[in-house]
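Engineer: The chain contents come next:
Protein chains: 2
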Amino acid sequence: MLDVLNSCKGFILDVDGVICRGSREIEGGVRGVKRLIEEGKKVVFVSNNSTRSRRMLIERFRSFGLDVSEEDIIVATYATASYLLKFGRLRVFTTGEEGLIEELELAGHTIVDYDEAECLVVASNRKLDYDLMTKALRCCLNVDRYVATNPDRIFPGWDGPIPGTGMIIGALYWMTGRMPDAVVGKPSEIIMREALRKLNCKPEEVAVVGDQVEVDVVAGKKVGCKTVLVLSGVTTEENLKDKLKIEKPDVIVKDLDGLWRR
Amino acid sequence: MLDVLNSCKGFILDVDGVICRGSREIEGGVRGVKRLIEEGKKVVFVSNNSTRSRRMLIERFRSFGLDVSEEDIIVATYATASYLLKFGRLRVFTTGEEGLIEELELAGHTIVDYDEAECLVVASNRKLDYDLMTKALRCCLNVDRYVATNPDRIFPGWDGPIPGTGMIIGALYWMTGRMPDAVVGKPSEIIMREALRKLNCKPEEVAVVGDQVEVDVVAGKKVGCKTVLVLSGVTTEENLKDKLKIEKPDVIVKDLDGLWRR
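Note that the protein sequences, when read in sequence, are chains X and Y.
Heads up, the first sequence is in numbering that gives the first Met the number 0, so the first residue is 0 and it goes up one at a time.
Heads up, the second sequence is in numbering that gives the first Met the number 0, so the first residue is 0 and it goes up one at a time.
No lab work stands behind these hints: they were computed from the structure.
Treat the hints with caution; some may be incorrect.
If several chains are the same, the list does not tell them apart, and a pair holds so long as it fits within one copy or across any two.
[As the list claims (entries may be wrong)] Listed below are the simulated BS3-like cross-link pairs for lysine-lysine, each with C-alpha atoms no more than 30 Å apart in a straight line:
(1) K242 to K134
(2) K247 to K126
(3) K242 to K85
(4) K221 to K240
No experiment lies behind these values; they were computed from the predicted model shown.
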């Protein structure tokens, strides 16, 4: 089996399911991050979270005893705001929450109502309602540019599955026939290339670590990195066999710390 | 051109776009209904409305000076509740509003939470929120039977398009891969056969009148009725040519009263 600790200089780490579940720390994950840093590895966190800004994630990491900076984090909110700069500073209508709005405004975009927008940004929102979906529908029918922060259809909530950004993408597609021009989050190459740029490593020197085969492993393979699947999140001993039909990771470990226990 | 007034004994009339727009009367529509009744035609109203009970529609009709009874109305809420009786009196979780709940309970079904249901009934809800979509998702993943009141993806609101029941069908399909076992409203044959039973006429003796080619004209053709398209709703002189590519009605008139002005 591949020894990623010896062969890799850089690590792209997923957050939810690797470091924490929601606001609760995964001990083996946090211990693993500390070890990677002690051993001089370059680390960047890449998360499909569409409701939190980098600032919010940093606060959460601090509560686990991890001291990271904005430079170490690429979250789908921030990555989407950055990606859009390719097209200028835009007037944006978004379905998203405060965390996304914070990153869009930090990047220089302006948040406007649906009928004044030149760009629609779709992202999950726990305050979603009929009025917001009506505005998103009308925006989607008229706007030039339409992007989504991430493609996730379902997330594992603490008491069962909850809808992800994909729910809104699907609802809009069903109503209008229109899909986003770009989806920024994993497994999209957009967010992975940004992570490789931050690490300043060649893809073959980098391991992508995550808990979802169809998100993290697929994203890692797409850009030519090594891939590590951890069983501390949504993939478990029970559903592993089915998931491996999608794509095979180079390494499977119980949690991030498991890299040292093999 | 076909003379439906001479050749038809029964009329299946759409409501929104034929008799009224929301709570506002369409004069030529109401006048047309009165004339049909004066001339001794059998009339039944068939509506894809998924938020109102028959009682609610009767009140609206009264405000237009039309005196109709529950026997004369088949609305998707009622038709769905009736259709489900095929499978017994069920424990139902629904995304729908009070009007649908009223009809489900009148038919003998019991409204329960998502984790106690044996049947999911999807219908539009102007109070839809993230919590309701989460419950619908979980119910859809587990329940034996799943039906939808109507397939409409977008409705014309007073100030622009608004999401219909189809938005929820699409969102659930995107998240779970599951489509309803049955969709009751037009153009489904389920609601049309129910209307023909009420009229007690042969299909060829009946004219289906509506404002939407893909809903009303398609539904009428499916069950072998004559079809009349009125231009008092969503189909207009401007979009007519495109709509006729879907299906051709036997007769096109400005409004229902136009049947006497040809």
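Engineer: Could you run down the list of hints and mark each one as holding or not?
Structural biologist: Hint check:
1. K242 to K134: between (37 Å within a copy, 25 Å between copies)
2. K247 to K126: neither (37 Å within a copy, 43 Å between copies)
3. K242 to K85: Neither. Shortest intra-copy (35 Å) and inter-copy (39 Å) distances fail the 30 Å Cα cut-off.
4. K221 to K240: within (21 Å within a copy, 46 Å between copies)
Hint compliance for this structure: hints 2 and 3 are not met, and every other hint is.
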